[in-house]
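Each chain, written out:
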Amino acid sequence: MKLFKKSKEKTELELIMEQAHIHEISGWEKLKHAETWKHIFFRFFTYLLLFSMAFVFLYPFLFLLTDSVKSLADLTDITVKWIPTRGLRWVNYKYAWQELKGPVTLPNSIYMTGMATFIHVISCSFIGYGFARFHFKGSNLLFGILVLAMVIPLQVMMIPMFILYSNVFGWTNSMKPILIPAIFGYGLKGGLYIFIFRQFFVALPKELEEAAYIDGCGFIQTHFRIILPISKSSILVVSILSMVFHWNDYTEPNMYLTNPKIRIFPQGLPGLYRMAVQMVDDLGYVIDKSLYNQATASAGAVLSLLPILIVYLFAQRSFVEGIQHTGAKQ
Amino acid sequence: MKSVSFKRRQAIQGLILVSPWIIGTILFFLYPAYETFALSVSELDSIKGLQKHYLGFNYYRNILFESIAYVPMYQRVFKEMLIRTPLVVIFSLFIAILLNLDIKGRGVLRSLFVLPFLLGSGFIMQQIMNQGLQDEMGDTAMGTDTTSISRGTILIPREVLWYLGPKVANLVMQFLSRITEVLWKCPVPIILFLGGLQSISGSLYESAKVDGATQWEMFWKITLPMIGDIILVAIIYTLIDMFTESTNSVMANIHSMAFKSTRFEYAAALACIYIVIILVLIGVIFGIAALISKSNNK
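Just so you know, the protein sequences line up as chains A and B, in that order. Take 10 as the starting number for the first sequence in this note's numbering and just add one per residue. Take 92 as the starting number for the second sequence in this note's numbering and just add one per residue.
Keep in mind the hints are simulated off the structure, nothing from the lab. Any given hint might turn out to be false.
Distance condition first, Cα-Cα at most 25 Å in a straight line; then the derived DMTMM-like pairs of lysine to aspartate or glutamate [unchecked claim]:
| # | chain 1 | residue 1 | chain 2 | residue 2 |
| --- | --- | --- | --- | --- |
| 1 | B | 312 | B | 302 |
| 2 | A | 47 | B | 193 |
| 3 | B | 98 | A | 218 |
When you get a sec, could you build the whole thing from the sequences and use the hints?
Here it is, written out as structure tokens:
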């Protein structure tokens, strides 16, 4: 991708050299110039800053990881911070998996996230294409409403929503309240995805579609056959955003997915953490030596992060490129 | 069909493409928005089918003028927003500029800085924050009010702070306690800024260098004006992100008011006030942005 091409920024020394018409200079010669030292000093500081900030970013992750394999004795011992001294307790993961009811909830979670993401990509690209290419009376007004719907947190209107879904539509105990609004470009942050697709489509050259129209391709067909195949980067961005948001969401699943059969994986986490709190009394003494503690809660958190982490690792590079691509066109 | 003009046909096609969203807007946006407002000015008779009768602005009066809990709550959320948003935007611009430098290993660093995004604003993040707090509390020996100052102790050795006295220490800690949360809000703005920085052509900087501009001048005269739009987008994104996160105390209050104490009307009134605040704030930001771009064009 062009975006990742290294910017050919010349150092000050190089510029001075150019002005003085010096083209060849050996490495040892360079060290005599103050500019080179300034350059090295600057680099050193940049790395120092970046790595220290990266540590702040990563610190909680690392902490979660070490916590998840600690034994009870290590957890309550304040001298143990990073490295568990009493062996790694992998069995925490087993208990967390059991408590989160992994065999039932993980497939549910994958199904919900996958379906919602798929629906969002199809519907939002479709609607975004309409906003990007076709101008009609009131299309600007509609776009204004889209931005408004994006800005207002829809969660604050959850009371009428809840009653609408459960009493009017009768969608109790199913994933419909999460999946069906996605078909209409709503659902979790639907407006954002329409917006992203629109920004991407506006920047596409029109010639392709014109050629398709001349060959007798209808406009819906053009969208699915011509436009979608060339907008892989924005599809990837929307998929990852939608996936991460759906996977991490608690508000809506907690309202609608109350039946144990359709509960999703991370929904059990608050329960795990609550058990962990009960373990210690007000003075910090361990009162309950049950299987569940801070370590199992951390193990549960790691387990629930693992799937998106794996997907993200595969898609990471193109995701960052893609979001830059859509971001640059604002 | 042939007699239909191009413009007309385009309009119809556009409407067909957008029509699912229009249906969605009516069902999932306008209707709930209307119902929320209607609920906030009436009393619920039965929850089934939302039967209610008109009551007037009692709940609003109660929230704004009678209750002592809610105005400070809005103020707190609003204040936190005003402190954090500039911090997030400045930090992410700073990190983006560093990541945009021509250094080795920036690919790895870039993906590291995006990582917290995967946690979203979810429950786990909140837990990690609390957990870190508890852990630090175990060995903090500073003052009595350990809860508010112990969060960011990973950055400055505690011993240094002892010598500075409680006031300075508290100030530093207030800042540091925000820093982790602020940094964790940065990934998406960082990515946006990176895209913006890369779209600035290098020849601008080169010609400025030849004319003898310093790095500092180049930042103010070239970089900032070129990414002005993206700064606006980043500000709006950050604001929305903070307004909508479920850990935000207004959101938490609305949720518990509705589903724990089942006072739906009161929760609806709280939500309406919240929406108005958000709209006003975003309107003000757009207004300021328009003013700035106007004065730049002059």
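Taking the hints in turn, this is what the structure says about them:
1. B/312 to B/302: 13 Å, holds
2. A/47 to B/193: 16 Å, holds
3. B/98 to A/218: Status holds; Cα separation ~16 Å.
Hint compliance for this structure: every hint is met.
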